[in-house]
Amino acid sequence: MKSFKLAFIVIILLVIDSCEQQKLSNVNVPEMELPHWTVSAFEKPGFKNKYNFDTKINPFYLNLDIDGNNTIDFAAVVVERVSGRRGIAILTHESDSIQIFGAGNHKTLGGSNWNWLIGWKAEERLTAGAGTPKNVGTALILITNKGSANWMYWDGKEWEWVAQ
Amino acid sequence: MGVGSAISKSIIHIEDFRDYCIAKKGVTEELPFDYDTLVFKVGGKMFALCSLSEYSKGIALKCNPARAIELRDQYPYQILPGYHMNKTHWNTVLPESGLDQQLIYRLIDESYSLVSSKLTKLVKAQIGLW
Numbered sequence: 001m002k003s004f005k006l007a008f009i010v011i012i013l014l015v016i017d018s019c020e021q022q023k024l025s026n027v028n029v030p031e032m033e034l035p036h037w038t039v040s041a042f043e044k045p046g047f048k049n050k051y052n053f054d055t056k057i058n059p060f061y062l063n064l065d066i067d068g069n070n071t072i073d074f075a076a077v078v079v080e081r082v083s084g085r086r087g088i089a090i091l092t093h094e095s096d097s098i099q100i101f102g103a104g105n106h107k108t109l110g111g112s113n114w115n116w117l118i119g120w121k122a123e124e125r126l127t128a129g130a131g132t133p134k135n136v137g138t139a140l141i142l143i144t145n146k147g148s149a150n151w152m153y154w155d156g157k158e159w160e161w162v163a164q
Numbered sequence: 165m166g167v168g169s170a171i172s173k174s175i176i177h178i179e180d181f182r183d184y185c186i187a188k189k190g191v192t193e194e195l196p197f198d199y200d201t202l203v204f205k206v207g208g209k210m211f212a213l214c215s216l217s218e219y220s221k222g223i224a225l226k227c228n229p230a231r232a233i234e235l236r237d238q239y240p241y242q243i244l245p246g247y248h249m250n251k252t253h254w255n256t257v258l259p260e261s262g263l264d265q266q267l268i269y270r271l272i273d274e275s276y277s278l279v280s281s282k283l284t285k286l287v288k289a290q291i292g293l294w
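In order, the protein sequence lines correspond to chains A and B. Here the first sequence is numbered in the numbering used here, starting from 1 and rising by one per residue. Here the second sequence is numbered in the numbering used here, starting from 165 and rising by one per residue.
Hint data in this document are derived by calculation from the structure and do not stem from the laboratory. Be aware that a few hints might be false.
Claimed, not checked - Which chain A residues face chain B? A few, computed with CB under 10 Å, are given here:
hint, residue
1, Leu-64
2, Ile-98
3, Ile-143
4, Trp-151
Unchecked claim - Have a look at the derived ranges for each label pair, beta carbon to beta carbon:
hint, chain 1, residue 1, chain 2, residue 2, range
5, A, Asn-145, B, Ile-175, 47 to 57 Å
6, A, Asn-115, B, Thr-192, 24 to 34 Å
7, B, Leu-293, A, Ser-112, 50 to 60 Å
8, B, Lys-209, A, Arg-125, 25 to 35 Å
9, B, Gln-265, A, Lys-157, 48 to 58 Å
10, B, Lys-221, A, Lys-146, 21 to 31 Å
11, A, Ala-122, B, Ile-186, 27 to 37 Å
12, A, Ser-40, B, Ser-217, 33 to 43 Å
13, A, Ala-122, B, Ile-178, 30 to 40 Å
14, A, Pro-45, B, Ala-289, 49 to 59 Å
15, B, Ser-281, A, Asn-115, 21 to 31 Å
16, A, Glu-158, B, Pro-229, 46 to 56 Å
In this text the structure is predicted, and so the values were computed from the model without any measurement. Beta carbons are placed, not taken as given, at the ideal position from N, Cα and C, and that holds for glycine.
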């Protein structure tokens, strides 16, 4: 009887595991590589049906405190499925709402197509410059195919964009 | 020759890396992104990058996509997909990992050649490559 119960539990566990694997294989993003807290937001149809993660840029996502409130936020390189236009998605820890920059969105910083983006990094300290507002959180340094960079950061009120 | 000197010979220090890159025709060095990322360009196009504060973590070199994969397979602990960059076209080479320094210099040469070969005739002429 005991061995029957044990076999039953093992079967149930295998079925549950199989369902989880099936769930993951149906989505277009490598969830296993994403921070756990971000998955529910990126599983929503508004993102999932329209965008893919672009893993050509290494790493394809960054953990950073982008809004300077001492919690880790998330930024990932994405492409709009229909157009193939590159951009980034930002998810702050307090919000379940993903902000898309580029990737087919016309009214965003950096234009609708960020195919100029060939690399990126997070940087807490930006080089001081005349008239440059101070970033309150960690800035994104977006490397362009022209060998220059754009800084993108949150100044406490809005997103700022500085072309280098 | 002791073990220590043998190891040191296999390391390319940042000064060696810089000297080798800057000696090439038409090369400029810049800090175009931030205070830390040293970038070498030929005709305004990047072919080598490194972090000034974390040089040992790797230098980024441009590479033909097929060759990049081949190199990563052959040297899995010394040549990695380009970090912070498009890994299709960039490798991160660990300069203090014991990789043969002649190979590192050859990879710098290849990156320089790859980028300079795609410059326009005008730019090539301006920097003396044509």
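Status of the hints after comparison with the structure:
1. Leu-64: Violated - the Cβ of A/Leu-64 stays beyond 10 Å from chain B, reaching only about 13 Å at its closest.
2. Ile-98: 22 Å, violated
3. Ile-143: 6 Å, holds
4. Trp-151: A/Trp-151 check passes; min Cβ-Cβ to chain B is 8 Å, inside 10 Å.
5. A/Asn-145 with B/Ile-175: 47 to 57 Å: 32 Å, violated
6. A/Asn-115 with B/Thr-192: 24 to 34 Å: 25 Å, holds
7. B/Leu-293 with A/Ser-112: 50 to 60 Å: Distance hint for B/Leu-293, A/Ser-112 is violated at roughly 36 Å.
8. B/Lys-209 with A/Arg-125: 25 to 35 Å: 27 Å, holds
9. B/Gln-265 with A/Lys-157: 48 to 58 Å: 50 Å, holds
10. B/Lys-221 with A/Lys-146: 21 to 31 Å: 25 Å, holds
11. A/Ala-122 with B/Ile-186: 27 to 37 Å: Holds, since A/Ala-122 and B/Ile-186 (Cβ atoms, about 28 Å apart) stay within the stated range.
12. A/Ser-40 with B/Ser-217: 33 to 43 Å: For B/Ser-217 against A/Ser-40, whose Cβ atoms are near 36 Å apart, the range 33 to 43 Å holds.
13. A/Ala-122 with B/Ile-178: 30 to 40 Å: 22 Å, violated
14. A/Pro-45 with B/Ala-289: 49 to 59 Å: 54 Å Cβ-Cβ, so the 49 to 59 Å window holds.
15. B/Ser-281 with A/Asn-115: 21 to 31 Å: 22 Å, holds
16. A/Glu-158 with B/Pro-229: 46 to 56 Å: Check failed, 39 Å falls outside 46 to 56 Å.
Checked against the numbered hints given earlier, this structure breaks hints 1, 2, 5, 7, 13, 16; the rest are met.
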